[in-house]
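Asks: Residues per chain, in single letters:
There are 2 protein chains.
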Amino acid sequence: MAVQTVASTTDSAASPVDLGPAAALSCRECGHRVPLGPVFACEECFGPLEIAYDFSAHDAEELRKRIEAGPANIWRYAPLLPVPADVATKPNLNPGWTKLVRADNLARELGVTGGLYVKDDSGNPTHSFKDRVVAQALEAARAFGFTTLSCSSTGNLAGAVGAAAARAGFRSCVFIPHDLEQGKVVMAAVYGGELVGIEGNYDDVNRFCSELIGDPAGEGWGFVNVNLRPYYAEGSKTLAYEICEQLGWRLPDQIVVPIASGSQLTKIDKGLQELIGLGLVEDRPYKIFGAQAEGCSPVSTAYKAGHDVVRPQKPNTIAKSLAIGNPADGPYVLDIARRTGGAVEDVTDEQVVDAIKLLARTEGIFAETAGGVTVGVTKKLIENGVLDPSLTTVVLNTGDGLKTLDAVAGTGLTATIRPTLDSFREAGLV
Amino acid sequence: MAVQTVASTTDSAASPVDLGPAAALSCRECGHRVPLGPVFACEECFGPLEIAYDFSAHDAEELRKRIEAGPANIWRYAPLLPVPADVATKPNLNPGWTKLVRADNLARELGVTGGLYVKDDSGNPTHSFKDRVVAQALEAARAFGFTTLSCSSTGNLAGAVGAAAARAGFRSCVFIPHDLEQGKVVMAAVYGGELVGIEGNYDDVNRFCSELIGDPAGEGWGFVNVNLRPYYAEGSKTLAYEICEQLGWRLPDQIVVPIASGSQLTKIDKGLQELIGLGLVEDRPYKIFGAQAEGCSPVSTAYKAGHDVVRPQKPNTIAKSLAIGNPADGPYVLDIARRTGGAVEDVTDEQVVDAIKLLARTEGIFAETAGGVTVGVTKKLIENGVLDPSLTTVVLNTGDGLKTLDAVAGTGLTATIRPTLDSFREAGLV
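So the sequence lines, in the order shown, correspond to chains G and B.
Everything in the first sequence is counted per UniProt numbering, starting at 1 for the first residue and increasing by one.
Everything in the second sequence is counted per UniProt numbering, starting at 1 for the first residue and increasing by one.
Heads up, a few of these hints could be off.
It does not matter which identical chain is meant; a pair holds if it fits inside one copy or across any two.
What the hints assert, rightly or not - List of simulated lysine to any residue pairs, SDA-like, C-alpha gap at most 25 Å: (1) Lys65 <-> Glu245; (2) Lys65 <-> His178; (3) Lys65 <-> His32; (4) Lys65 <-> Gln246; (5) Lys65 <-> Leu247.
Hints were generated in silico from the structure; no laboratory data involved.
Just chain G, with the same shape it has in the complex (with noise of 0.2 Å):
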């Protein structure tokens, strides 16, 4: 299938798509409707197209024992996200119902009486919640027919998306910087796709793999974070759902979530969303607030002022994951914390690494450094009387400590010693 980056509403001609629930994509800025395909900008406004659902037939309580019988992984929302219902049975990594984990001793440490939750997405099959998103864009590729997964990336989204192409048998041709990391290298590489260093930054690299989807040589790609976009984009959905299942089918009063490009956080807000329209929860109000890197903190900066704009920067921080200068979905963050009551709130490195040693001291998590930025996020908004601690709150843990190791180098040991009880005593750690 041609690979279009807008949509063309003569599509309507093409082979219907299975893909479950997912009945079109629909521009968020003007409504306009296109039929399922590998677009992502609505042709009339040049907007960002989202996926459109025909939910109508589901009785609630029906549906939710249902999702219980599901499998341990987020198939089991299958009927509620754009694959086909038989998606648990094509190979694919299976990610997802990671721990919901009560966080009683971070609790106390921060003043929280209400009920304070981590969710731990450092549990997924390459150990950030980019499984999740990937293995939506991962059912879309099969849907329209490509062969080859591809993203632009700088770090988890490259092995997400190696390790989920290995698995389904896809090739896989992931761009990143060349001069990236080593260790990021290897863990992108292990998978043995096609791995290509540009030279140039991470904005070239999407500059060109904006150029390679227009041209003849990416016929038969599926960019997971670009022609696959809407697709890719509703994984995280399945991280609002799991929040409420855990709970006990209820929706947090509070949740915290990182600010990269955005996107997952407004689609943690359309997953809430979805669950009260279905009945699956009971409607009452939560309140939805973004974390930033001081570094790199154009919707924080922008929440701050009171802008309906964010203004891009030049991300400075060692929350790489999260270091989008120009978020798309900005716009739409500010809109959902202000509506939802919450905020957005940015902490320097500092905190990041503090918040790491925090979280893993109290509850024995090891975060990436985007989850120092929501539990640092979380502490400041506690300390300025903006996030309640007598409600109950659910922060996201978005990756693993192991990716970002760096980040926390400065830890070591307490004390050497002599293999010898006198040195022992010496040490004073008796």
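Since the structure of chain G is already known, use the hints to place chain B on it.
Replies: This is chain B only, laid out in the frame that chain G set:
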């Protein structure tokens, strides 16, 4: 409670501890029984003590239903473990219930037609099977009134103990060789416990820990792999339980297990025997295969030579988590391999690396070097006609590739290009 290295029957006056179905400690050599306590060697013959259970009250169908209704972690098997019945309510990392991955791509490459599965323990909280065993030791530590959790370690165990102690509110003090790689130190130190470098090698660390247990300075300390070892070791039974339940309450025909001390392999056999004895699975033959790296292959060497005793070796292999030159359970492993019709085999470091890449390329699973050992040995056993490819086979991956990145450090970019379509075409990737 005072710590003893050798059990004394005069202990019988001690207050009874609630460790669920665990009834006593029993010597694996002479059968001598002593009450549950923090002891690990028989006072009669110095043989290793292990847990003796009282499972008499179970109805198979009722037990199976109870397990299936339990939590998605090892505590679903609490009725079969040395833990109190309410263990799931206590703060711990809730490890286990990791994926049993149907590995059809790998099966095709290896010529396995009877069904090949990878039990992927990289999905545990600190990304190795050690979380399973430490979780048992933690409950024993609670029962015996210890306040410090400790161990000697060269890697995975240090992190598992640090994380478990942090969440459970224990002090931790972990001993490692002082010159361990910085990455491994960070992974253990981040949880905030005491991390003590010992000037010496791993043998020196172990010797020091044994001294400390006998000294007043070690009062109140639970060394998970020393004085709590009988409890700790039982955690590996959960691998056997999960594999059978995930296969639909069925024994695998063949299972390939890595050998470090050999404890894991013996406990997997114990777990399978228990399931048979309890009527949870049909009693049919199964074969257990042991896997070592050539650079530390004392058990494999003894197996091939037809010996009953294992001669110690000086380890020299990249599979450091298996590098125990004098494996305590070696003779038991030989016995099980021979009794079940299995075998013990070893592979070179080069074959380990190739197997890591093979598993990643075919199934999207990035294994630690120990996983490279089991996959490599499986390949070799099939090629040698020892492992029957027409039978259902389960291969263990006990840890995560992110922990042994150095092993595949040679993996890298397949091409470097300028950010232009011309440069891309020249690279020949289309």
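Asks: Against this structure, judge whether each hint is valid.
Replies: Do the hints match the structure? See the list:
1. Lys65 <-> Glu245: Classified as both; 11 Å inside a copy, 22 Å across copies.
2. Lys65 <-> His178: neither (49 Å within a copy, 54 Å between copies)
3. Lys65 <-> His32: neither (35 Å within a copy, 51 Å between copies)
4. Lys65 <-> Gln246: both (14 Å within a copy, 21 Å between copies)
5. Lys65 <-> Leu247: The answer is both: 16 Å in one copy and 24 Å across copies each meet 25 Å.
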